[in-house]
Amino acid sequence: MPTKNLSFKPERKKKRAAELSIANKELVFQTGEKKKRAAELIIADKELAFQNEEKEKRAAELIVANYARSLIEASRDPLVTISNEGKITDMNKAFANITEMTHEKLTGTDFFDYFTDSQKAREVYQEVFAKGFVVDYPLTIRDGKLTDVLFNGSVYKDEKGNVLGAVVVARDVTEQKRIEKEMLEAKVFAELATAIAEEEKSKAQSAALIAENAVKAKQQFLSNMSHEIRTPMNAIIGFTKVVLKTDLSAKQKEYLTAIKMSGDALIVLINDILDLAKVDAGKMLFEQTPFKMALSISAMLHLFETKIQEKNLELVKEYDNKIPEVLVGDPVRLHQIILNLVSNAVKFTTEGKITVSVRLLNEDEEKATIEFAVTDTGIGIAESKLEDIFETFRQATSGTSRIYGGTGLGLSIVKQLVEPQGGSINVKSKIGKGSTFSFKLSFLKTKAEAELETEVVELDTEIKNIKVLVVEDIALNQLLMKTLLDDFGFERDIATNGKIAIEKLQNKSYDIILMDLQMPEMNGFEATEYIRNKMNSKIPIIALTADVTTVDLAKCKAVGMNDYIAKPVDERILYSKILGLVKKPVIIKTDEHKENGNGKSKKSKCIDLDYLIHRTKSDPTLMMEMISLYLEQTPPLISAMKKSLHDKDWKLLYAAVHKMIPSFSIMGISTDFENMAKQVQEYASTQLQTDGIPALVLQLEDVCAQACMELQEEFNMIKNTKNEK
Amino acid sequence: MKNENKIKLFLVDDDAVFLKSLEMEFLQHADFAIETYATGELCMENLSHSPDVIILDYLLDGIDKNAMNGIETLDKIKAYNPDIPVVMLSGQDKIDVAINCMHHRAFDYVVKSETAFIRLQKIITTIFRYQKMEKELNWYMERM
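Going line by line, the protein sequences match chains A and B. Just so it is clear: in the first sequence, position 548 is 538 by our numbering, and no numbers are missing. Just so it is clear: in the second sequence, position 91 is 89 by our numbering, and no numbers are missing.
If you're looking for bench data, these hints aren't it; they were derived computationally from the structure. Just so it is clear, the structure is predicted and the values come from calculations on it, not from any experiment. Treat each hint with caution, since some may be false.
[As the list claims (entries may be wrong)] Dumping the calculated DSBU-like pairs for lysine-lysine here, alpha-carbon to alpha-carbon at most 35 Å: (1) A:241 to B:120; (2) A:633 to B:74; (3) A:641 to B:4.
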């Protein structure tokens, strides 16, 4: 069928062509459209690509920004940005944490509200914007803990340099603050402590000073007190001695002896204390004088003889004869050492013996070393105590002083006397067996003569008419010296000071001067100097000193004194020294005097018939009767007394003496003898101090014998006169 | 002894001197008939002489140990006749001696001294006054 369709075909063809051309036209249009579209697409593509690029750029930026943010967020330091108006625009987590608020709540609030001092916070903000930055501005965040922070901040700007706001970093300085505070406190404490320490130091220093002063004061006090005590003690002891020589009952004598013994003990103690004080003060000086060792030792031991006999001990002296006769040293100190040791030995020994040995250890050209040892058979000392006994106020046992007395000063003094002289002291002891104290001392040898040591001369009341000038300012001592010298039968004058003494010397001649050293106006040294140099007098002068240890004996000698006597004055020493110095002229005088004395004593009788004459009313018969009765009765009594003493028949002795007593007063025999007899009675009845009896009995015997003789004479005389009548 | 009315004293002491001086004093100061004895034994032997007062030394056996002592003598005197007043004499001034004497019925106790005589004299006076009073009392008592 295509032809059939031909009829139609041209038309249709035409239509078709028209249609075709339209289609073509359409196509063309469509193609144009398409092209337009494609171009548009390309543009869109470009746009897209650009946009993509942009996006990528953004993303990269975002990553960077996120990173920075995360860094900021990670910071432990609170960070906050504020706007020009002071509003918070952003902050990191640390800030949110510290203020305990959320990000959202914080944003847009006032920066200042979060600080304790908002004014200051405002200043920070003003400063940041004014200066562009702020460094280490301290603020306190008003959080729960009031955290102290330091603000560092600066403004930030956009690209064009416009200030957008400020970023402020707060550094939490709590820790630093705390440390600082602690440091500060520590510093304050340290300062305080330093101040206290300094104060303490000065306190300690002043305390040390006080202590030092106190020690000095103590020594001074001891020294002064000892001096002060010694002066009255001298008087007490001196007068006790004087009273002891007067008529006393046995009881009184006993009491006075007790006073004297206590006084002596006290003096020893005081001297000990003084010595110790001196040792402490380094004032202990040792003399270097030539002396005879053997003599010195035996003279000293002589002092102990009675004591040792009393205790029924034996004293053994072992003296090495190889020891040079004269040695140079300090005999006074040596005495003191041995005296202390021996008196300890005597004190602690009840039976056995005390051995004092002096041995020459070695000897060379210059010096001799000598070992002195005192051995006793006493109570001994425990091994553990041997160290202590040389310490001041120490005794081997606390009970020692209770039982044996003493202060524990002796040995410490011994040690302090031995050691400064270059010696050493040793002790060996066994409890219950005894002790040996030994010390070694070196003495220089010398060819010089030893100074004459005055031997103690027994009182010889025959030697009289020695004129003594006593120069002494203390009234009590004056009186004491007066009494003593009167007892010796010496003439004496008293001068209260050196000046008066010199005046007296110019007007009167004296045989000897006893010179106290410490006196007002003119002291002993000055006076002696004057006497020796201005008056050119060689009169013997003896220094009287309360303190031999401190007084410079050399000074005494230098001014020309002949000797010294330590107070309390021992009358025998005083007597011997006076005699020793006045010796030669005295001997001649004495001889004459003795004759006088004898003549006198013929006249003075032991009996006195006044009482008898009075009683008998001078009836010669009665008197003769009485006398003959006495003459009859007495000899048997004397023999009974002697016999009983010999037999130690105390009862008989008592009775015999008892019988004698009444006749003493009848015959006018001195009450001295009556007292003596009473004393014998008392000793006999108590059987104490029996060793004192023989001497008394002897005296009684003597006086009775004399009385008998005298009465016989009287008897004959009465008989004769009666007969004459 | 010339007069029987004289008061008779016995002085007993072995201290002859003291005895004599005491005798002397009594003779001088008062009119007494005095007999002196050196021992207690002698005194006892002569008690028949009927002394009015005995002055007796306390220590009679001092020298002679076998002699009778004062207290023994005192006891014997009292045994012989408790009415004889005895005054003890002693050289000792001791309370216990005095008390001992009193326990043995001594009338008094006197210490030998210068005042002994005066005391003895007073004591003797007292003794007689006392004896007189006693006699008077007895006389009145009898009357009653």
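Going through the hints against the structure:
1. A:241 to B:120: holds (30 Å)
2. A:633 to B:74: holds (32 Å)
3. A:641 to B:4: Measuring from Cα to Cα gives roughly 40 Å; hence the hint is violated.
In summary, the structure is inconsistent with hint 3 from the numbered list given earlier, while agreeing with all the others.
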